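Trainee: Based on these hints, arrange chain B on the given structure of chain A.
Just so you know, the sequences run in chain order A and B. Under this note's numbering, read the first sequence as residues 9 to 330, first letter to last. Under this note's numbering, read the second sequence as residues 16 to 682, first letter to last.
In short, the hints are calculated from the structure, not lab data. Some hints here could point you the wrong way.
[To be verified] The calculated lysine-lysine pairs, modelled on BS3-like cross-linking and capped at a C-alpha distance of 27 Å, are:
{"hint": "1", "chain 1": "A", "residue 1": "127", "chain 2": "B", "residue 2": "643"}
{"hint": "2", "chain 1": "A", "residue 1": "330", "chain 2": "A", "residue 2": "127"}
{"hint": "3", "chain 1": "A", "residue 1": "231", "chain 2": "B", "residue 2": "415"}
{"hint": "4", "chain 1": "A", "residue 1": "156", "chain 2": "A", "residue 2": "257"}
{"hint": "5", "chain 1": "A", "residue 1": "69", "chain 2": "A", "residue 2": "44"}
{"hint": "6", "chain 1": "B", "residue 1": "643", "chain 2": "A", "residue 2": "114"}
{"hint": "7", "chain 1": "B", "residue 1": "415", "chain 2": "A", "residue 2": "141"}
{"hint": "8", "chain 1": "B", "residue 1": "441", "chain 2": "A", "residue 2": "166"}
[Said to hold, decoys possible] Chain A is nowhere near these chain B residues, computed Cβ spacing over 12 Å in every case:
{"hint": "9", "residue": "42"}
{"hint": "10", "residue": "59"}
{"hint": "11", "residue": "274"}
{"hint": "12", "residue": "287"}
Small disclaimer: the values here were computed from a predicted structure and weren't measured. In this text, a Cβ means the ideal position worked out from N, Cα and C, and glycines have one as well.
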Amino acid sequence: MSLKSKLRATAFAALPIAAMSLAAIGTPALAEVESKDPIKLTLHDWTGQFVTTRIMGSVLKKAGYNIEYVQADYIAQFAGLQSGDLHIAMEIWETTGREAMDKATKTGKVENVGETGMKAIEEWWFPSYMKEKCPGLPDWKALNKCAKEFSTPETAPKGRYLGGPVTWGGFDDERAEALGLDFEVVHAGTDAALFAELESAYQRKAPILLWIYAPHWAPSKYKGEWVEFPKYSAACYADAKVGVNKDAKYDCGKPRGPIWKVAWAGLKKKWPGAHAAMKKFNIGNDEMGAMVGAVDLDGKKVEAVVAEWMKKNESRWKEWLK
Amino acid sequence: MAMTSKPSPIWQRPMFQLWSVAFVVAVLVQQFAKPYAAWAFKFPRGWQTRLRYHISDFSDWLLNDATFGLFTFTEMTRAMAWLMNIPYSGVKSLLATGLLQGQGSDAIQLLPPLSWVAVVFIVGALGYYARGWKLAVLAAGCFTYLALFGQWQGAMITLSSIIIAVPFGILAGLFLGLGAHRWPLFAKIISPVLDIMQTVPVFAYLVPILVFFGFSPISAIIATIIYATPPMVRITIMALGQVPSELSDLGNMVGCTPRQKTWKVMIPSAKENLMVGVNQVIMLSLNMVIIASMIGAGGLGFTVLAALRRLDIGAGLEAGFAIVVLAIALDRLSQGFAQRGEQSQLQSEKTTLFKRYPYTSVSLVVVIITGVIGLFWGVMQAWPEAWFITTGKSANEAMKYINIHYYDLLEGIKTSLLLNIMIPTKRFLLSLPWPVVIGFLGLAGYTLKGWRLSLLCMVLAGFILITGQWQKAMVTVYLCGISVIIAALIGIPIGIMASTRDRLWNGTKVVIDTLQTMPSLAYLMPVVMLFRVGDFTAMIAIIAYAITPAIRYTAVGLRQVDPQLIEAGVVSGCTPWQILTKIKLKLAIPQIMLGINQTVMLALSMLVITALVGTRDLGQEVYIGLTKADIGRGMVAGLSIAFIAIITDRLITAGSDRIKQRLGLSS
Numbered sequence: 009m010s011l012k013s014k015l016r017a018t019a020f021a022a023l024p025i026a027a028m029s030l031a032a033i034g035t036p037a038l039a040e041v042e043s044k045d046p047i048k049l050t051l052h053d054w055t056g057q058f059v060t061t062r063i064m065g066s067v068l069k070k071a072g073y074n075i076e077y078v079q080a081d082y083i084a085q086f087a088g089l090q091s092g093d094l095h096i097a098m099e100i101w102e103t104t105g106r107e108a109m110d111k112a113t114k115t116g117k118v119e120n121v122g123e124t125g126m127k128a129i130e131e132w133w134f135p136s137y138m139k140e141k142c143p144g145l146p147d148w149k150a151l152n153k154c155a156k157e158f159s160t161p162e163t164a165p166k167g168r169y170l171g172g173p174v175t176w177g178g179f180d181d182e183r184a185e186a187l188g189l190d191f192e193v194v195h196a197g198t199d200a201a202l203f204a205e206l207e208s209a210y211q212r213k214a215p216i217l218l219w220i221y222a223p224h225w226a227p228s229k230y231k232g233e234w235v236e237f238p239k240y241s242a243a244c245y246a247d248a249k250v251g252v253n254k255d256a257k258y259d260c261g262k263p264r265g266p267i268w269k270v271a272w273a274g275l276k277k278k279w280p281g282a283h284a285a286m287k288k289f290n291i292g293n294d295e296m297g298a299m300v301g302a303v304d305l306d307g308k309k310v311e312a313v314v315a316e317w318m319k320k321n322e323s324r325w326k327e328w329l330k
Numbered sequence: 016m017a018m019t020s021k022p023s024p025i026w027q028r029p030m031f032q033l034w035s036v037a038f039v040v041a042v043l044v045q046q047f048a049k050p051y052a053a054w055a056f057k058f059p060r061g062w063q064t065r066l067r068y069h070i071s072d073f074s075d076w077l078l079n080d081a082t083f084g085l086f087t088f089t090e091m092t093r094a095m096a097w098l099m100n101i102p103y104s105g106v107k108s109l110l111a112t113g114l115l116q117g118q119g120s121d122a123i124q125l126l127p128p129l130s131w132v133a134v135v136f137i138v139g140a141l142g143y144y145a146r147g148w149k150l151a152v153l154a155a156g157c158f159t160y161l162a163l164f165g166q167w168q169g170a171m172i173t174l175s176s177i178i179i180a181v182p183f184g185i186l187a188g189l190f191l192g193l194g195a196h197r198w199p200l201f202a203k204i205i206s207p208v209l210d211i212m213q214t215v216p217v218f219a220y221l222v223p224i225l226v227f228f229g230f231s232p233i234s235a236i237i238a239t240i241i242y243a244t245p246p247m248v249r250i251t252i253m254a255l256g257q258v259p260s261e262l263s264d265l266g267n268m269v270g271c272t273p274r275q276k277t278w279k280v281m282i283p284s285a286k287e288n289l290m291v292g293v294n295q296v297i298m299l300s301l302n303m304v305i306i307a308s309m310i311g312a313g314g315l316g317f318t319v320l321a322a323l324r325r326l327d328i329g330a331g332l333e334a335g336f337a338i339v340v341l342a343i344a345l346d347r348l349s350q351g352f353a354q355r356g357e358q359s360q361l362q363s364e365k366t367t368l369f370k371r372y373p374y375t376s377v378s379l380v381v382v383i384i385t386g387v388i389g390l391f392w393g394v395m396q397a398w399p400e401a402w403f404i405t406t407g408k409s410a411n412e413a414m415k416y417i418n419i420h421y422y423d424l425l426e427g428i429k430t431s432l433l434l435n436i437m438i439p440t441k442r443f444l445l446s447l448p449w450p451v452v453i454g455f456l457g458l459a460g461y462t463l464k465g466w467r468l469s470l471l472c473m474v475l476a477g478f479i480l481i482t483g484q485w486q487k488a489m490v491t492v493y494l495c496g497i498s499v500i501i502a503a504l505i506g507i508p509i510g511i512m513a514s515t516r517d518r519l520w521n522g523t524k525v526v527i528d529t530l531q532t533m534p535s536l537a538y539l540m541p542v543v544m545l546f547r548v549g550d551f552t553a554m555i556a557i558i559a560y561a562i563t564p565a566i567r568y569t570a571v572g573l574r575q576v577d578p579q580l581i582e583a584g585v586v587s588g589c590t591p592w593q594i595l596t597k598i599k600l601k602l603a604i605p606q607i608m609l610g611i612n613q614t615v616m617l618a619l620s621m622l623v624i625t626a627l628v629g630t631r632d633l634g635q636e637v638y639i640g641l642t643k644a645d646i647g648r649g650m651v652a653g654l655s656i657a658f659i660a661i662i663t664d665r666l667i668t669a670g671s672d673r674i675k676q677r678l679g680l681s682s
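Extracted from the complex, chain A is given alone in its bound form:
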């Protein structure tokens, strides 16, 4: 306990220094805003989301709002968004977050503020060097001819496809079955594991076929392509008769869905200006991919990349604030 008492004592002793450090305060924002309570934006654990969130945060800050970034789990955050502990979540992917988002919006305490402008792409992916071993790619019909090339001792003679964590959904087991692919679907537990396997295989130029999504740094770091499955349609997922296989659903590729912005339902009332700016927030896949690459591959800081974007796109974000 003596540590604690000592620490407490120091806090009082250091008070005189307060006067000096006061001089170092930044200038407060000038604009009038509805409330000076901090607007809480959630940060998860991937770079793209840091960038979108910090852009939104910087824009709101320029408008004079008080903002705070809070570290939160992607799905667990909905509990906080419902109770009003958290206010803004910038990236909810159609493909992975839809279920949780719908459950939350149904309560009426969470609002879907619309699309970010980015489109989530998720599909089976292979590195370019596999084209030499399997010339028919990226057409999906070539997959069965080279199933052996993609096999491992555990799956042989079938090929091995590394899918995303089961929680991501995606119907890959069903897809392999419906399209008659000689592949065993293995699920990674997290996306870190997914990319660890890719990195390992890529270093050895070893065969690999796996679930890759964009926007992400991987498609810009590793050369490769997405497999071209029959084009997705809602009917293909809902109706067995539609598609290549007349008796099965999911005999097509995956949908490319929007990435949504989500907010606490009270945001609109408490900070109408911030809500309006969030609604107008819009950014494209390529723009995003470049920024993510600058951070993850070139080693720049997220804050620096965001500041650069803010400088270059001043007219654009000023429009959001009108």
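Mentor: Chain B only, in chain A's frame:
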């Protein structure tokens, strides 16, 4: 098991006959019953309970409707969170953020946080005060590592939540333990609750905690307290039970009130054991750092997570080591204070404030001086970023080298183990009909202890069955079972070797402390790169984490064997091998059994982490429950894990009790 006295041939004993009959029946059922009784192999869906949904409904009700009249349940928990936030934000502003006025980005820093020089000095002074120069250098060195490697900010945020969580955990544990010591009925009620607190994975109750306590570091602190308190309760109960009855009688005779007896007699004399509990609370709290960072605690755990997302193995390991270093510093300091406490506390009659509190005063002076200098010369306040030391890309490069050159070799080892041992075991366990498994558990309980244990085992296994978790539970048993066997096969010999020499033992201790506090996520990704996603990778992760108690308890057990007995062995002409096998190992069996018990517990607690590399067991169920915010699903799977742990624990305890009796170690 060694049979000592044999009154009758083994086949005439009733137990043996019972087991033989059971075995024959089991084989018959497994081989031939499938066409007649498919329900025994696959539990019909219609028989399953809807418990999962009831739990979800109940928590919805608690969240939205439960009320105590004046205020709702949620308002109560929110008020608790608000209360806890006061000391937390105090410590955090002191160590990490500085004294702030206002909130969010508008906040104004009134005072900078303690400078790194001041913190390093304070921990050094604490070390010197507790034990002397050696500890001072160790503690200060650990904290300097944090500054030089650029982990300072994260480490201070982590430290703030540890400083709040640990005293709460210790006090709560102490009072619960006291209660259990005084009222036997309370002890009976609390024992299964402790088991559940320790074995239900944190992921299972994370969502409800977030809902009730709000989205802030406070929720993370509460989860930490739930996870880290049980060992303190157990150790308190044990420590108070071991206080000699003469002392307790003495307390009564000199006319102590119950309160005086507790605080002046019992607790001081149990102090040494209680400090073991304190140490465990610290270690387990640091274990929670990664999970805490997922729900908003930030700090070092977050640094590890973010590094893994960009697959920067070097950065992940550096942050992981920062957690290890923090754990070692806090652990050694707490041990130092415990040993110092045993020395007599002399109250000196010195006059001036400075002389009475030399350490506090000197620390204060250092804090003020470095703080003032820090205002003008930034290096004193925070180690500049440009000077951070980092291993940079070398870890990643080393990984690449191993990957390219040794992958085929590793692949060969892995494949042969997988095809010859792991997959057949998994198939076998999955093919067992559930009535056979439950029957054998009941039989084992009956053989080792009696009807009560038998019934307990069967009821708990039945819960897993009727909630529809049987398949995943079997995969869990297979994965943990194999890992525990391998961990014991490697760990016990290492423990035996380490017990022979002091230096070797000290070195081993550092290694196992590191293994236990290094976040498994930090080394999981390199393992995935070498062995791909799947059961084998999961097994390696479990072994690495669960091997520590096998080593620790074996070594401690062997080192505690009465030297007179060994002397007697030497005198009567035993070879070293005979001394080891006939004397030392036999006498250390209770400790070794406890070590294996703990290995099982740690293996089960790793399940949630292994779900992250794609296993299909109960851990995955819990993880799905978390990511889908399905409270019921997570809790039911979490309870199933807890029940597997309880069954194993009770059976092993009963088994080791019997061995102890046979060896005459207890009455």
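Trainee: So, against the hints stated earlier in the document, which numbers end up violated here?
Mentor: none
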